[in-house]
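Visitor: The primary structure of each chain is shown beneath.
Number of protein chains: 2
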Amino acid sequence: MWLGALLFSASVILNISLLWNHKYFGFDRSYLEENLSWSRRAALEAEAVASVNCSGHGRAYLDGTSSEEDDHAEKWKLPVCECNTCYGGSDCSQFFHDCAADVDSGDPLFLEPFWMKHAASSAVLVTGWHRMSYSFPDKSSVSQELEKHIRRMHAVAKNAITHDKYIIFGGGSTQLLGAAVYALSMNLSSPASVVAATPFYPLYEVQTEFFQTVRFEFDGDASALKKYADNVIEFVTSPNNPDGNLRRPVSNGTPIYDHAYYWPHFTAIPAPSDQDLMIFTLSKLTGHAGSRFGWAFVKDKEVYDRMTRYISLAEMGISREAQLRALQLVKAILRSDNNGAEIFDFGMGKMRDRWRRLNDVVSLSTRFTLQKIPVRFCNFFQKLREPSPAYAWVKCEREEDGNCTSVLRAANIIGRAGSVFNAEDRYVRLSLLKSDDDFDLLVYRLRQLIVDEGVDPKII
Amino acid sequence: MWLGALLFSASVILNISLLWNHKYFGFDRSYLEENLSWSRRAALEAEAVASVNCSGHGRAYLDGTSSEEDDHAEKWKLPVCECNTCYGGSDCSQFFHDCAADVDSGDPLFLEPFWMKHAASSAVLVTGWHRMSYSFPDKSSVSQELEKHIRRMHAVAKNAITHDKYIIFGGGSTQLLGAAVYALSMNLSSPASVVAATPFYPLYEVQTEFFQTVRFEFDGDASALKKYADNVIEFVTSPNNPDGNLRRPVSNGTPIYDHAYYWPHFTAIPAPSDQDLMIFTLSKLTGHAGSRFGWAFVKDKEVYDRMTRYISLAEMGISREAQLRALQLVKAILRSDNNGAEIFDFGMGKMRDRWRRLNDVVSLSTRFTLQKIPVRFCNFFQKLREPSPAYAWVKCEREEDGNCTSVLRAANIIGRAGSVFNAEDRYVRLSLLKSDDDFDLLVYRLRQLIVDEGVDPKII
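Sequence lines, in order, name chains A and B. Note that my numbering has the first sequence beginning at 1, numbered continuously upward. Note that my numbering has the second sequence beginning at 1, numbered continuously upward.
These aren't lab readings, by the way, just hints derived from the structure by calculation. Any given hint could be a false lead.
Here are the simulated DSS-like cross-link-like pairs (lysine-lysine), alpha carbons at most 25 angstroms apart as the crow flies [said to hold, decoys possible]:
1) Lys77/A - Lys148/B
2) Lys117/A - Lys77/B
3) Lys148/A - Lys77/B
4) Lys75/B - Lys117/A
5) Lys77/A - Lys350/B
6) Lys117/B - Lys77/A
7) Lys117/B - Lys75/A
8) Lys75/A - Lys158/B
9) Lys148/A - Lys75/B
Given the structure is predicted, the values throughout are model-derived calculations rather than measurements.
Could you build all of it, start to finish, from the sequences and the hints given here?
Guide: Here's what the structure looks like:
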């Protein structure tokens, strides 16, 4: 009797889902009337992992470690919870009270709830025989479908003119930054000077110096150059990491536009960018930093060819798994509410709320200030909009607080020192991109610090 | 009535599969008594794509293009067949008779049938929120589970001693070759000489020269060096690409062992390799060239640290999707028949049969010869075994056939010229790794060529 009821319920659920699927799928319905076969194990494993209870303060992953030792790999075991910073215990329910608010890295976990909500449309099943070859049918290592969907994505975001430019995929924007410098340096006499205006993203310097090529070297702050210096390549980070401001070149060198943060989540979009070399990354659009997937739009055929050759000789193109997943994520975005704008509504809303909360606290202090970002008209939202930057660029105003990172560290907050960005250590960068747990703890610790400053806790 | 029967059948299938799953899964059965929910769409799409009929001469992929234009991305459409070389038509049933046998690239598609057979154990479902972070819980970008499973894989293959070495993941072996040269050059005065014994894999030279670092330069054939040359880094490719022979260093420089082909598929394993720096790639173990996933074992901590930093500054670690898939593939291998040795039985069997067929044809000719590979004792199979190389290294014996690539090209066979490997153009490399269609066509075209030479077609 009980079994019969279960069977009937399962059938009803199955058929509702088949009907739903038929509305969604655009092909032969008879297929769907059969049951799943070989894909079932992978789907069950994924759902089992998703159902592991980590109390909302952590997550289990399919490739996580298991609590039981399994040296013979015979049975699949459920992986354990991986807890957010400051949480522990087997179900992440334990909070460590003295733990520091770690807002050092730009890990974009604020978008994770968006993907939990879109579980069905963002999942992708990779078969054992998926894309084993070195190349796609057109002999390239670039998925045409992904390229097409990325261009559509920019059309929705209204943040870039793409139709008249080539596209290149890279291992995150990281690899494309290196490829771009390399390709541009070929038109210059050696060694080219690579510069960026202070404060700047430290990877530009570290990467350029590490690889020690004969063709270029890092030359520091772009503002320090003579206006008509020869032989210059300038990284123009817009919006800027760490301070979130929109930027233009300050030298007359060839610009590389690092547009990692040029999405409605983080900034007003005054107009679609139409530069000759623009670099974007999945990491800051969808939050998938771990995928190591970025793309560049390039106007000039010769620069495009050199960058493509760079990626090819570095690793023969970008992982087909990363490309397939990026495609599924972009498809899920394009199919979401508000004609594909849902992720921007979500991302901007979350980042704006965080910025407001942070300002509410910091504005009570005379010891700390935050960067100013103007209210601007946004081409995407079609209205004036508040700031929603990826990072707070905090300044310690007291003369004795020359090392702002240490001041915050003493208050149990881990930020990234100004000197890392070629600025004074009176500045510190705090990431606003991480999980709600990380952000909440940051605000809590800042409140404590400001109460210690003498501000009445009741008004905070 | 019809609906009732359908519902009942679906329920029965569902429950049989649930029972099977319980045997396999090692956790709470109650979960499995529920139906799949959000994972269902991804699983159905994958099965629908797999069911596209391409006549055994092609395949449809989840990220392939669709026959219908779909500018609004509202409904998912079935992708079209991508046909093997020389096949066409919407279901790949059309054979193009004058088409050339293209055996230029090392695309390892000979392993595809293995993965079709292991469809269930090799499939993996990636959730929208899988591993969004830059790092794993240990702050690295390396999956501990994958590392553990790769070490087990080597224990099964008996081809490497790994327990006393660090492991590094890279974008294919390609990226690790660059990282290894970089790391080793730091202990030498600049510029270090990078060498390899002729004939050698061309990427060593092209990659080293392209990146134009101040620390090293390519110096050609290792055999041409003075025996005690200073400052040398030698690529030791064993088995060698193109000729399949096991190699030792020929200089007194620091060796980088490129063990891409050191698997029982392609060679006898005289003993597990125990070198200080050994590079492997998923491409030649499982056939997944498109994943761009390789790994290196490194004995020295300093070299390991530098290689890790190289990968980190190049692209901040390897795609989590590629790592997850590699893990699933290695798990599928370890769980397969014969205690995880099934892929070696399959791979060796297929490559040995191809080598036999090729020899049967070429041995009738006086115009062409193949490289000699000795019969050797294999530590893995525990017996003497025939050769099963990845490539044929063909020599044109007639004096007038100085350009062997052109001779074969005239017979509608596309190989890779000897000069690409720093050897004479009297040699040409033919890939034996591709699909059955490619190999069958190669043998067919070679037969025609040898009949033209005057050999009686009846004895071929």
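Visitor: The structure should be examined with respect to each hint, and the outcome stated for every one.
Guide: Each hint tested on the structure:
1. Lys77/A - Lys148/B: Cα-Cα ~15 angstroms, so holds.
2. Lys117/A - Lys77/B: 23 angstroms, holds
3. Lys148/A - Lys77/B: Satisfied, since the Cα-Cα distance of roughly 15 angstroms is no more than 25 angstroms.
4. Lys75/B - Lys117/A: Holds - the C-alpha atoms of Lys117/A and Lys75/B are around 19 angstroms apart, at most 25 angstroms.
5. Lys77/A - Lys350/B: The given pair, whose Cα atoms are some 34 angstroms apart, is violated under the 25 angstroms limit.
6. Lys117/B - Lys77/A: 23 angstroms, holds
7. Lys117/B - Lys75/A: Measuring from Cα to Cα gives roughly 19 angstroms; hence the hint holds.
8. Lys75/A - Lys158/B: 23 angstroms, holds
9. Lys148/A - Lys75/B: 16 angstroms, holds
Violated hint: 5 only; the structure is consistent with all others.
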